[in-house]
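*Asks:* Chain by chain, the residues:
Number of protein chains: 2
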Amino acid sequence: MKDICFGVDVGGTTVKIGLFQTDGQLLNSFEIPTRKEEKGKYVIGDIAAALEKELKEKHIEKERVAGVGIGVPGPVLDDGTVNVCVNIGWGVINVANELGTLTGLPVKVGNDATVAALGEMWQGGGKGHDSMALFTLGTGVGGGIIVNGKPVNGSHGAGGEVGHIPVVMDETEVCTCGKKGCLEQVASATGIVKEAKKLLAGSEKASALRNYEPLTAKAIFDEAKKGDEIAMEAVEILGKYLGIAMAHVAGVVDPEIFVIGGGVSKAGKILLDAIEKNYRQYVFHASRDAIITLATLGNDAGMYGAARLVIEN
Amino acid sequence: MKDICFGVDVGGTTVKIGLFQTDGQLLNSFEIPTRKEEKGKYVIGDIAAALEKELKEKHIEKERVAGVGIGVPGPVLDDGTVNVCVNIGWGVINVANELGTLTGLPVKVGNDATVAALGEMWQGGGKGHDSMALFTLGTGVGGGIIVNGKPVNGSHGAGGEVGHIPVVMDETEVCTCGKKGCLEQVASATGIVKEAKKLLAGSEKASALRNYEPLTAKAIFDEAKKGDEIAMEAVEILGKYLGIAMAHVAGVVDPEIFVIGGGVSKAGKILLDAIEKNYRQYVFHASRDAIITLATLGNDAGMYGAARLVIEN
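Top to bottom, those sequences are chains A and B. Each residue of the first sequence is one higher than the last, beginning at 160 in our numbering. Each residue of the second sequence is one higher than the last, beginning at 160 in our numbering.
Possibly wrong hints are sitting among the right ones.
So the derived label-pair ranges between C-beta atoms look like this [claimed, not checked]:
no., chain 1, residue 1, chain 2, residue 2, range
1, A, Asn-458, B, Asp-329, 55 to 61 Å
2, B, Gly-457, A, Lys-356, 50 to 56 Å
3, B, Thr-335, A, Lys-356, 39 to 45 Å
4, B, Thr-331, A, Arg-194, 26 to 32 Å
5, A, Lys-428, B, Thr-260, 48 to 54 Å
6, A, Lys-428, B, Lys-364, 37 to 43 Å
7, B, Arg-447, A, Pro-373, 42 to 48 Å
8, B, Thr-240, A, Lys-436, 56 to 62 Å
9, A, Val-243, B, Lys-309, 43 to 49 Å
10, A, Phe-189, B, Thr-335, 55 to 61 Å
11, A, Ile-450, B, Thr-260, 31 to 37 Å
12, A, Asn-242, B, Ser-362, 45 to 51 Å
Keep in mind that the hints were calculated from the coordinates and are not lab data. Think of the CB as a built atom: it goes at the ideal place given N, C-alpha and C, for glycine as much as any other residue.
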């Protein structure tokens, strides 16, 4: 009986590995370092060795293992080909084939952000739903789209790249992606700090934010909760553009639920309120009642979603 | 052998019915009037009778019929429930069950715009692809999204409602949907006429458009082709906002191909050029090379796509 599977989340610094029961129960999790030297050529071998060791230590026969799901920080095509992972050093590589050959186990590959969405749907904020959009607000803005229980990889591996949806039409600065006006430029931790600094520079108003060095996203939300006007305005800008971007997503796939994750989501209710008000205003009426909630799995979402890849697909 | 199927496209005035081979060959097509009296209660019975008559006339045994696909002008949930069709008079009705009971055939239901996308993918502009977005530029703007060969209905039946994606942030007029700034307000036949009129009113410039009464979308494209500056500017506005909306779609589902249909698409190359330039500018780089092309099935797309519903699902 195939009652066990692995979920592997490959990051730029560490690889997170989860040993799961196929019913979603996490049995054990651990990390190994991501060896990026020589264009990341050791990463897959290291993962294979770690999986073998874990099975041996836990006295689990390989026959019980349904497979290995793996999330990687780059575009993934439907056949398991990874098309350049800058953070790892990989070029074009078929992770499914390589890890499958080394372990003798079925391997499924997904983009890390898309896989995190699958994890949140399976055991996190989106549990009980099968049509979901995840927005991950961290240093940048990532995301993942699930339609009828299946992640949308996109034909160029760019499904769910919601951070680069154009929303600020009069933006003058250039995004890391080379365009101007991306959601990431205003709705990431970096983005809200940048917007708050602009507000501070353009106003004589007293603000507690003037006392922070460096100014952080957390400080902005904390001061907004206390009623600081400039901080509240910065939160409102983030909420406006995120609400608009979510309305775009609704106009395409009309999800049941939006899940907001990443470091910025720790702000909690004040963030949800700012997003929700704007989403309801900008979205087509049929999608107005979509649920908007917070992610619950934190940094484990990718590991959960990777495991889920094996079970569902 | 199930080698025959029907594709039915229910419109506000007529119902188009196509008799197909399951390999995509259209054998015959005809129309019956849409009897909207008494909240459209006769429509399904009329369709059932027309199908029976067609089989009898063509001497086709019912055993050969794989099923009936039907596209309706309203939101459709995955279980075949239609959630209010204003144009027909229907409230909440399970078309699949009702038509299935009357005909004894399997019935699949889809939203008309989504089904048209499926038709264009099967035998039209998107042939050979399985990940596609259709934008239908008519009196309004409709659309349909296909991911991995399957239409995206959305959890409230609003998948592919691209006409109401918010794109014009400073729009002052209200859209038919009640919001402001929808794509439909600038990229439909009505929208481009409205924008051209605004340009004419705000300028002293000579323009051939001043001689048209009433001014039409066709006139604007015709004069733009001849170099009329105001007409060219109106086309550019449409291209800009459609390009932006397509960039939004790419950031969500990253399709292989965009197909542009509806009456406005008869403008041809000048329209594609205006869209393409803007799309390439606003979209995330991974999706930059998506194909942009014209629909080819015209008003038959819905009939084709409805037939396809039966075969694929």
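*Asks:* Look at each hint and say if it fits the structure.
*Replies:* So, going through the hints one by one against the coordinates:
1. Asn-458/A x Asp-329/B: 55 to 61 Å: violated (40 Å)
2. Gly-457/B x Lys-356/A: 50 to 56 Å: Hint holds: Cβ distance 53 Å, inside 50 to 56 Å.
3. Thr-335/B x Lys-356/A: 39 to 45 Å: holds (41 Å)
4. Thr-331/B x Arg-194/A: 26 to 32 Å: violated (58 Å)
5. Lys-428/A x Thr-260/B: 48 to 54 Å: holds (49 Å)
6. Lys-428/A x Lys-364/B: 37 to 43 Å: violated (53 Å)
7. Arg-447/B x Pro-373/A: 42 to 48 Å: violated (35 Å)
8. Thr-240/B x Lys-436/A: 56 to 62 Å: violated (31 Å)
9. Val-243/A x Lys-309/B: 43 to 49 Å: Hint violated: Cβ distance 28 Å, outside 43 to 49 Å.
10. Phe-189/A x Thr-335/B: 55 to 61 Å: 56 Å Cβ-Cβ, so the 55 to 61 Å window holds.
11. Ile-450/A x Thr-260/B: 31 to 37 Å: 35 Å Cβ-Cβ, so the 31 to 37 Å window holds.
12. Asn-242/A x Ser-362/B: 45 to 51 Å: holds (48 Å)
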